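Visitor: Relying on the hints, combine the two individually framed chains into one complex.
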Amino acid sequence: MNLDALTRTSGEWLRGTGPESDIVICSRIRLARNLADFPFTSRASDPEKLEIERVCRSAMDKAGLDLEYQSLVDLGLLDRQLLVERQLISRELSGGDGPRGVAVGPRENMSIMVNEEDHLRIQVMNSGFSLPEVWEQINALDDRLEEQLHFAFNPQLGYLTSCPTNVGTGIRVGVMLHLPALANTKQIEKVFRALHKINLAVRGLYGEGTQADGDFYQISNQQTLGKSERELIRNLSDVVPQIISYERQARQEWIAQRRQHLHDQVSRAYGVLKTAHTISSSETMHLLSSVRMGINLGLIDDLEIRTVNELFIHTQPAHLQKIQGEELEVDERNIARAGYIRRRLTADRHEEGPAD
Amino acid sequence: MMCQLCSREASVHLSETVDGTRRELHLCGPCARKAGLTPPDPPPNAALEAVVDHLIVQHVGELVGELARASCPLCGLKFMDFRTGGRLGCPNDYEAFSQGLSPLLRTAHGATRHVGKAPRKRTPPGRSPRLRLRARLREAIAREDYELAATLRDQLRQEDADR
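From first to last, the protein sequence lines are chains A and B. Residue numbering for the first sequence follows our numbering, beginning at 1 and increasing consecutively. Residue numbering for the second sequence follows our numbering, beginning at 357 and increasing consecutively.
Next up, chain B with everything else stripped away, as it sits in the complex (with noise of 0.2 Å):
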């Protein structure tokens, strides 16, 4: 999103409601800073986050592409974040980073495929309309659309009941 004083990138962002109308202001760091509206100080920790980045590359090599902004559509975990903290988010993953994960899973194991034993019910992952469902509630949540959240929550307490 643009600054809506210059062309930079807009990096503050500003919403309030007056008699019942909402506003919202969006500027870059130096048009805020020339409001008089300070942007909050990096955190602490940039300098290190860099470091850790730049160690996981030497280490775990530079994902390539798609792999490196891959992201999970149902819980949001990045396959970087994966790499870092070694768990997934949610059975979809699997799906969502099966490029990144299968040479991972040849080293572990030596081997792809599952032999033994399975479950007599099953819903391929991902497609778990609830899982879908309790995604979306988070997303609803997260961006304060306490609405849509509400509405979610009563489409999953209805499909609890449906079981």
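Chain A on its own, in the form it takes in the complex (with noise of 0.2 Å):
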């Protein structure tokens, strides 16, 4: 895989299309498995990892899947970050040890992670709201996957994974929400509190215990054992029609309130990023989300809302640091990241993002 053509493109997920695109970045699906025959990864020794590598690319290749295989051996920190930051591997995989790595699909919206915490890791993403789709797409490659491989299953507990908190259908369904009006309002507190009642979790951008950084907002089912994929997808489809519902109708009151106020900000976001000379990536996640809304709201007309998404993305560190083809302390970061915000705000207006 040409890592550093990476930063020249951006995944599928992130175009910015789709059924309620302005709020729903994308969609995506885990499904965690394993190999009957290994013990789990985390009790696994380096020879076994090998092999287990080794039957699952194998099993890869046989089934014809189109994908092209990333060993994380041997593969500097930056690297690492950089498809930890693209959403293709987790942190976990990033930071682990021994043979382990990840297939990524043409388009990256489908990426398989070997020697995770569980032997397979597959996961399909797509841009806005299409679970069912989601669905569709990584059943089938689960099937493929299972005509060549010996998964761990058993009639009672369904798909055996390291950890019991994935046994069962060993799916994770989870959307991705860009909230920044419920966020301003702090409504955003009563929606978490109802969403964990009914055993929703949410997570910030990058995972676990991260910051809801751009007030972007991942919301996931925890139960797997009990309830068939469908059902779990279900639970979902009917709860976040709800919480877009409540964002439009909080940036409805907004704009009706204090449509000056909302404007000055959103303007003044906007111009902080065309002019910024040094500017931090918390500062810039800020302001973008402010600018993405305002697209959404048709207060700022003159650019893409992939672009905006891109950005999200192409503004995290180890991204900035691919472009500028060197290693970079935090200060000369946030000067890189300036000016590739100039850069990007000044060619992409009216214009389609970078090519693919």
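Simulated from the structure, these hints should not be mistaken for laboratory data.
The calculated DSSO-like cross-link candidates involving lysine-lysine, where the alpha carbons are at most 27 Å apart (straight line), are: (1) A:Lys62 / B:Lys477; (2) A:Lys62 / B:Lys473; (3) A:Lys186 / A:Lys197.
Using C-beta positions, here's what the derived DEER-type ranges look like: (4) B:Glu365 / A:Ser71: 45 to 51 Å; (5) B:Ser427 / A:Ala201: 28 to 34 Å; (6) B:Gly432 / A:Ala201: 30 to 36 Å.
Values in this document were obtained by computation on a predicted structure and should not be read as measured data. Quick reminder that beta carbons are idealized off the backbone N, C-alpha and C, glycines included.
Guide: Shown next, in the form of structure tokens:
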């Protein structure tokens, strides 16, 4: 895999299209699977992990899947961080040890981690609110792998996973939402409490324990046993439209009551991004969030939503350093980040994003 | 195993091969010290481990009887290891620790029975012959029984080839 080329493109899930894509960035499903003939990754020796990797890669080849494999062994910290920022691998896989890697599909909406917490972590991710389509894709992918592999499964407990919190379906169904208005009015806390009550988890952009920078929230199921995949998908599919409608309502109230203030906030955010000469990651996320909402509310009309979506990812530390072609300290990164944003916001106005 | 010089439990085990004959010596700590064979110092964090164990018992409750000692015959993981580390060792653990896992599953999922997709082909875990072979291979390597290890490795290769 050409990791340097990744900085010139972006995953299809960022293209900003699909149902409800003003609020739902992407829909994602992952399946945890393990080979029946091996100990789980945490208990496997390096030779066993190597064998697991060989068996899985050979299965992907035989299944005729269009995936490119990247081993994480001997991959530098910056490259591993780049894959994390792109949502292709988890921090756990990045920081793990021994033979492990990731197979990535052509438009980055499909990835399979090998030797993460489970032998296989299969992920499919699409732009917008499209869980049924994502399920169809990942279910077919799982079927094709299953023809080649012998998964650990028992009729009472379903797919057996390294951690009992994933046993059964091994599924995590999630959507990434952009909720700036609910965050602004603090109503978001109420929404979270309601979600927790119905066993849904809320996390930030980069998963467990990360800050909800940029007002991005990932909502996903926690239960994996005792409900079918379709039921779990339906649970989430029923709840998300309600959150979308709360967010829309909060935006409309905001614009109705304080139009000038909101317009001012959005324009200032856009202005700072276009002119700043040094900017931190956290300020960038905060301002991009305002700009993104501004575009959706028609307050900014010369910028593509896709450009903003991409900027959220491309201004992360590893992406910036890959784009600059060198390792940078925090201060240098802040200068490079401001320069990169200025270039993108001048070049991309009214134009398509970078060529894929 | 008993100390060969007194009746205490032996804690120092030595073996050497002289002219092709293997000799073994098993001694308790005091006898070993007397014989000039000083046993290694206890690990410096032994006290810390005791504190951790105590905390676990306080928070997850004393594991009673069988469960406290339960370990998986295929991967060697003890149920206690799982309670501290949060990860199971192999698919067979779900059978080996079913008694301990059931209440946990009920708390986490509100259910103990799978509903949903199932693969078309399956072997109940624990009966996977290759998982067993791999477990025996690991044991053989740990015991430094390289002859058995080589045989088991050949058997595994043969099984792979047969597939």
